[in-house]
Every structure is written in C-alpha cells, then in structure tokens.
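**Q** Protein chains in written order, with the working numbering: chain G, 1 to 372; chain S, 1001 to 1212.
Heads up, a few of these hints could be off.
Stated by the list, open to error - No farther apart than 25 Å at their CA atoms in a straight line, the calculated lysine-lysine pairs in the DSS-like style are these:
{"no.": "1", "chain 1": "S", "residue 1": "K1198", "chain 2": "S", "residue 2": "K1176"}
{"no.": "2", "chain 1": "S", "residue 1": "K1034", "chain 2": "G", "residue 2": "K346"}
{"no.": "3", "chain 1": "S", "residue 1": "K1148", "chain 2": "S", "residue 2": "K1186"}
{"no.": "4", "chain 1": "S", "residue 1": "K1166", "chain 2": "S", "residue 2": "K1186"}
{"no.": "5", "chain 1": "S", "residue 1": "K1020", "chain 2": "G", "residue 2": "K346"}
{"no.": "6", "chain 1": "S", "residue 1": "K1063", "chain 2": "S", "residue 2": "K1090"}
{"no.": "7", "chain 1": "S", "residue 1": "K1006", "chain 2": "G", "residue 2": "K346"}
For the record, the hints were derived by calculation from the structure and aren't laboratory data.
All values reported here derive from a predicted model rather than from experimental measurement.
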Amino acid sequence: MTPGIDLQGTFVRALTDLGLPAGAAKTVWIPLPMVLMLIVATVSIFICVWLERKISAAAQQRIGPEYVGPLGALQAVADGVKLIFKADITPAKADPWLFIIGPAIVVIPVFLSFLIVPFGQNLVITDLGIGIFLWIALSSITPIGLLMAGYSSNNKYSLLGGLRAAAQSISYEIPLALAVLAVVMMSNGLSTIDIVNQQSQYGILGWNIWRQPVGFVIFWISALAECERLPFDLPEAEEELVAGYQTEYTGMKFGLFYVGSYVNLMLSALIVSVLYLGGWSFPVPVESITALLGISETAPVVQIVAASLGIVMTMLKAYLLVFLTILLRWTVPRVRIDQLLDLGWKFLLPIALVNLLVTAGLKLTLPGFFGG
Amino acid sequence: MLNFLKQVGDYAKETAQAAKFIGQGLSVTFDHMKRRPVTVQYPYEKVIPSERYRGRIHFEFDKCIACEVCVRVCPINLPVVDWEFNRETKKKTLNHYSIDFGVCIFCGNCVEYCPTNCLSMTEEYELASYDRHNLNYDNVALGRLPYKVTEDPMVAPMREFAYLPKGAMDPHDLPKGTQRAGRLPKDILAEIEAEEAKKTPANAAAEEKSSS
Ligand code: SF4
Ligand code: SF4
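Bound-form chain G, shown alone (with noise of 0.2 Å):
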C-alpha cells in the first residue's frame, strides 16, 4: 500500500520551511481538518435533507421543494433560520437543565464519530487504533441524551418515545456490534483505515459484502435501527406519540434532534461504506490502473486524483446507502414495538452470532480468503 498524499505532513514542512517552529506548525493543523470534518457533517445535512425530501417527492410524483434556491436546494438552511428564530420554549414542569443538555448530548457524539471516517489512506483526522469501537462506544451515547430529553419533558409521549429510543438502541446495538467484529475479525485490526486496506487490494471483488453478505445486512438494519429511520422510528412515530421525545421541543433544541438524526444517517452510511463497500477504494484498484497506464504510482498527479477519487468514491457509496434508505422509507410500514424487539432479539442477534462463528471458523479454514 502506497502512503498515499500526507496533507499533515505536507503542511507541517511548508510552514517550517516558513520559519514557525515544527511544534507550532502542528498545532495550527491540528484544528483544520476537524474544522473541515464539521463543515463536511454540515453541508452532508443539508445534502441529505435536499435528498430526502427530493427522492420522497418523485416517489410519490410530486415536485418538492423548487422555489428556494437552484431546485430547492436551500430549503435545508430555509428551515434552518425559521428555527433559529422561533420562540425557544422550556415547559414550565420541565427539568430545565436535563431538557437543555438532552440534544446536546445526542448530537455531539454523532459529529464525535466523525473522528474516524477515512475519506483515504491519510484522509482522516485521527487514525485510532480502536477506531471502529469509538463509533460504537460513542453511538451508545446518544439513548443517553434521548431519554434524558423524554424524561426531562414531563410529558408521556415524550417520555414513552425516550424509553422506545432507548430499548431500540440497546437491543439493536448488540446485533451491530456482533456484525462489526466479524469485520473486524477479518481485517485483524479496529482501525477503520486497516479495514479498508484489507478490502481493497482486489478492487470491486475484494470488498468485504462479497465475504460478509449476512453481516452486511444485519449492519444495514441495525444502522437504520440506530439512526430511528423509517421501519424503525419508532421513537418518534408521529400517529402514536405526536412526536416522542422531542414532543415539547421548539426551536433549535428541536432542529439539534434533526440535525442528529440526519449526520448519524450519513454516518451510519459513512461507515457502512467503510466496512463494506471498500471505504475509499475504486472499483478497479488504483494500481493496476496506473500499471497499465504505465504511470508511477507515486507520481504527485496520480496521488491527487487518486485521493480525490477516494473522496468520490465514498460519498458516492454513502450517498447511494442514503438513497437507498430513503426508498425504503417509502417502502416499509413501520414496525411495532413488540415486533422491532423480536426482529432485534430473536431474529438479528443469533443470526449475528452464526454469522461471528462462520467467520471465525472460515478465517481459520481459510486464511487467505478471510484475513489470516
């Protein structure tokens, strides 16, 4: 595996060579790609809700939004201000400061888990050895703040559509994180750069949805699961608990709950893309193209095109994982809660666990298909 481009490293130098000492010059990089990695999550929100509301209006022929901004597209940042600007509202009987932390708390660790999304081989803002579980550590996180935001509403619906979030959350958590060990246990290594590596050698065939097309599913469920995506927005189901937990919620407390749910829905593509699609990588590996194009594989263009196809390529495998979410939405009637807990319990965790010990035994019968 060729390094890839090193912005880091790249930066570091130049400002040296400008005269800053090497420790100050790490320290002005060290803000700019998070910086980057929240503009990103931002503008991905307003991507998605442009698709979202786009994709649900040609499902069901209708135009959408198209008066704001070129097709619409600015309907996002529209709703965005409307919410800024409305009256912000804490119930009288609410406990003020669990009703105000809430969406905090569910928001920060979804932008948190941006830590680890690889976009390329240097791509990514801190390449964790335990990457992969920070996203899972975190994503636990979040029922936390639902339930607090349920609770502190003092309001049944909300505190029924907290409890909802919660238990789906947990029960669908365990069945995610069997799916990611078996990857896990392929690629040899948490670290969701390695993860990506160990796919890409072989190009489109190499992806580990050939090798984990029962985990790939399970995942994908799960992830829906976590996000509260249709089949499963059970929290929030509008004709049974108006709006659950963000019932008493106004204003930007409440778009912090959109906000949340739309990144945790990139993310949840993101790293589906990652642990299945091949991440960053082309479907005909990079190598054999310049080999045959008789290029240098370390020559300064390939590397920029090569990273910026990683960069396409990713959002591209998120963006259709999204796409794919939003017609399922119009497709799938959503579950009850007794049959989301069976689907979670008795359906997704022992196929889950089959599919950990099929790995396991595959890995061992057959060390070259399935990581060593």
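Got chain G sorted already, so can you dock chain S with the ligands onto it with the hints?
**A** Positioned in the frame of chain G, the structure of chain S with the ligands alone reads:
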C-alpha cells in the same frame, strides 16, 4: 433434532420470502420515481373545475319566492330565509337570505329542489378566511359570481385529468387546440339538433298527408 431443523428451515424460508417482498416493494417505489409528477403549482396554476363542480352556492335574490323548499331539503336546514307576508299583494316578500358555508356540506340538494332555479353551484372553492363567521354569506355575497380561472391573468389554468386528450397524463404544455377524448356535449347537441331539423319538415309533410 429433525423437528428443530425443520423449524430452522421454515424460518429461513419465511425470511427469504420477507426479503423477496421487501425487494418487490422497493422495485415498486423505484418505478414510481420514474413517473412524472402530476403537481399543479396551486397559486400560480389552477385546475379548471369541471362543469359539475359543486362549489359555493350562487343565489339570485329576485327569482326567489321564499318557499323554503331549500330549507326543507337541506340535511341541516341551513339556508336562512327571512320573509314577510305582504297583505296587499298576498305574496311573500323576501328580506334576507343567507347560507353559512362553514356548515354547508355542498350536497347540492337545495339547488336541485329550488322550484325557481334561483340557486346554482359555482366553481368557487377558495373560501379560506380568518374567522368562520365570515363564511356566513348573505344574499349580496351569495349573488357574486366567482372569477373564472381561465380569465385570471395571474393564473395558468390547467385541465383536469378527465379533460386531457387521449393518452396525455400531464396538463402542462399541451399543444394548442387539443380536445379531450370522446365527443364534446355541444357537438352531440348540434348533431341531434341537425337531425331533428331534418326530420321536422318530413314529419310535417307526413302529418299533412294523414290528415287530408
Ligand atoms: S327553494 Fe329557491 S325559491 Fe324557494 S326559498 Fe329556497 S331559494 Fe327561494
Ligand atoms: S348544499 Fe346541501 S348543505 Fe348546503 S345549503 Fe344546500 S342543501 Fe344545505
């Protein structure tokens, strides 16, 4: 053991079936995405109401004989007919007439039964107001004619689905002069009249012959 295996097999079969059905559902949703939107962008474009549209009721004050038939046939006795008996002419004089469109169900019974045809249903459906009492129309308001969609310069009139030419699904950008499928009532009427006109002289001649 065999029983258990059978259970597992059945379970797997059910799962495969469920997956198949979800796949079918997805393909239906996906297929719908290819279809053109049928949206009529309301305040800028409006559908032309059909001839039989049952909109706000129009009332002609001078035709009304205050017989109160409309009140009797109304499912909720809604029209308010305020009349006085005029002893000199021995007739009722109508003072006021009103219908509250916040209560009316637009069933059209009053229109159907009015002996003097002074009630009719218009194509007006934009009755939104800030106060429900504004919907209580008196005889002046009831006498107003609605603005025709086709004459409104601010609005692009759109034909309803049944009035589109054969095969067309979208009312936008229709070529000029296209007609709806089937024959228009006015053509049929003209044809009938022409036939009758042809028949009448012959009939007259026949009658003359028989009488003579
Ligand atoms: S039925 Fe017709 S004529 Fe009689 S009172 Fe009603 S509107 Fe007047
Ligand atoms: S349309 Fe029906 S409900 Fe309305 S006033 Fe006439 S009879 Fe009554």
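**Q** What are the numbers of the hints the structure violates, in ascending order?
**A** 1 and 2
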